[in-house]
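Place chain B on chain A using the hints.
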Amino acid sequence: MNYNWNWGILFREPFLGFLISGVQTTLVLALTAWVLAFTLGSVLGVMRTLPNRGVSAVAAVYVEVFRGIPLLVWFFLWFFVVPELLPQTWGRWLKRDLPDPEFWTAVAALGLYTACRVAEQVRAGIQAIPRGQTMAAEASGMNRVQVYRYILLPLGYRRIVPVLTSEFMTIFKNSSLALTIGVMELTAQARQVESFTFQGFEAFTAATVLYVVITLTVTVIMRQVEQRTRIPGLLSAKGT
Amino acid sequence: MRHLILAAVAAALCATSAVAQDLGPTLTKIRTANTFTIGHREASVPFSSLNQQQRAEGFSIDLCLRVYEAAKEQLSMPNLAVRFVPVTPQTRFALIANGTIDMECGSTTNTIARQGQAAFTATTFITGTKIMVRANSGIRSVDDLGGKTLVVLPGTTNEQALKAYIEQKRMQVRILNVRDHAEALLAMETDRADAYGSDDVLLYGSRRRARNPAQYVVVGDFLTFDPYALAVPRNDSTFMTLANRTLARMFRDGSFKAAYDKWFGPLDMPLNPLLEAAIQLQSIPE
Chain A
0 MNYNWNWGIL FREPFLGFLI SGVQTTLVLA LTAWVLAFTL GSVLGVMRTL
50 PNRGVSAVAA VYVEVFRGIP LLVWFFLWFF VVPELLPQTW GRWLKRDLPD
100 PEFWTAVAAL GLYTACRVAE QVRAGIQAIP RGQTMAAEAS GMNRVQVYRY
150 ILLPLGYRRI VPVLTSEFMT IFKNSSLALT IGVMELTAQA RQVESFTFQG
200 FEAFTAATVL YVVITLTVTV IMRQVEQRTR IPGLLSAKGT
Chain B
0 MRHLILAAVA AALCATSAVA QDLGPTLTKI RTANTFTIGH REASVPFSSL
50 NQQQRAEGFS IDLCLRVYEA AKEQLSMPNL AVRFVPVTPQ TRFALIANGT
100 IDMECGSTTN TIARQGQAAF TATTFITGTK IMVRANSGIR SVDDLGGKTL
150 VVLPGTTNEQ ALKAYIEQKR MQVRILNVRD HAEALLAMET DRADAYGSDD
200 VLLYGSRRRA RNPAQYVVVG DFLTFDPYAL AVPRNDSTFM TLANRTLARM
250 FRDGSFKAAY DKWFGPLDMP LNPLLEAAIQ LQSIPE
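Heads up: the sequence lines are chains A and B, in that order.
Each residue of the first sequence is one higher than the one before, counting from 0 in numbering that gives the first Met the number 0.
Each residue of the second sequence is one higher than the one before, counting from 0 in numbering that gives the first Met the number 0.
The set of hints was computed from the structure by calculation and includes no laboratory data.
Incorrect hints may appear among the rest.
[Claimed, not checked] Simulated crosslink set (EDC-like; lysine to aspartate or glutamate; CA at most 20 Å straight-line):
1. B:K147 x B:E166
2. B:K28 x B:E72
3. B:K147 x A:D96
4. B:K256 x B:D61
5. B:K256 x B:E275
6. B:K256 x B:E56
7. B:K147 x A:D99
8. B:K162 x A:E12
9. B:K162 x B:D142
10. B:K162 x A:D99
11. B:K147 x B:D220
12. B:K168 x B:D142
Next comes chain A alone, as it looks inside the complex (with noise of 0.2 Å):
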């Protein structure tokens, strides 16, 4: 290959700088629409499972809708079509007032998403859980939100702490289809390095190398969090 290697570039400023701004980017957008993703998925998941038939509808029609249309689909809509369907003075607002609207945009659309995914796993934990535990805690005396209180929401979250490992990490990898509006996250501030400079091969790779860092990581404390929250009994072997 007729190529001229040079792995020094990625080490020089300003493109040492780009890949470091692009790492924080990735963060603070990965996490802020995990946080979004979270509290919302929980709600949904909670409502999908509630006797309500209208309540658990609205979820069931949230996470359809949701899921069921591409996330790069999601990032266009939220950027380009929702704005023009809005009143005119909202419109202008989220296109011009609203500070960094490509950022906000792309953690709405990524926080959204992902809250379809998270309500699904939280219903799979509740639903997971056996009937009688249920039954007993109404024979107790609780009401249904001591129910969930204290029965389902402790059992329920500490069963899908692994499914929900794989999804924190799909929500950094999939915050990379955020360049598409213009946010400069890592695998945009990648595509920058490589044309100030050409060296395509060597600034993706180091992009590559800094996605598996940060997945890395995130599997490394919820291990942790595995572990401290693991329910005695259920899981026989220790560890994983």
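Positioned in the frame of chain A, the structure of chain B alone reads:
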């Protein structure tokens, strides 16, 4: 027996290297594959873009097709096929370096830094950075951008020049990054941005695609000097000579100007005196 095999291998090696010396790696590859591969852009109007039938067309494509005809002649291969591969600013140099495309026919500025990864033919166009604004916006140059939103394509020479100028003048300008020219125009059409910074010719091309072209004007002085050229593989003088010879003949016999009129006439864009000079300077005689 072993000597015989070695001799045969040596002979074969000599044969291939002799051919390689005559034709250079690129033409040898073209001959072996029986295909001339052109890298094209998807939305660099009018240089290189996809038309309604999803075929590559444009000014740079017409130039490259002349080089393809010349390659056909030099190789005496009348049935040489031509293949189009879409490229982006991010992939174009990698695809030349790894041999996927033989020639990039888009709107690529020749810079010293880029010459480390690809070689450039004679200059095929000269342009520079300007901005496109709404005709009724009152913005007449980059100096009027204070407090406004400017849309650019990250990584382009235009972005670097505009950012440097804005920084130097200590203006407060919000920068919006988008992926391609189509999205930049969309940002203008949806009123997300007040100005769109790019090479003037690309701005004229984008304006033509707008819902109402009369709504936009291209303003400002050239902030940069961007000579465009076709990018070809490095260290292959045979192929470079073939391409430059073809271009020189086009500069001399007027077919370059004819191609210019065909693609830039409809844009209503005056012929830049620098390009006129470049045509004369590069009309190298036989």
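Hints, one by one, checked against the model:
no. : hint            : result
1   : B:K147 x B:E166 : 14 Å, holds
2   : B:K28 x B:E72   : 16 Å, holds
3   : B:K147 x A:D96  : 11 Å, holds
4   : B:K256 x B:D61  : 12 Å, holds
5   : B:K256 x B:E275 : 9 Å, holds
6   : B:K256 x B:E56  : 17 Å, holds
7   : B:K147 x A:D99  : 14 Å, holds
8   : B:K162 x A:E12  : 17 Å, holds
9   : B:K162 x B:D142 : 12 Å, holds
10  : B:K162 x A:D99  : 18 Å, holds
11  : B:K147 x B:D220 : 18 Å, holds
12  : B:K168 x B:D142 : 8 Å, holds
When each numbered hint is compared with the structure, no violation occurs for any of them.
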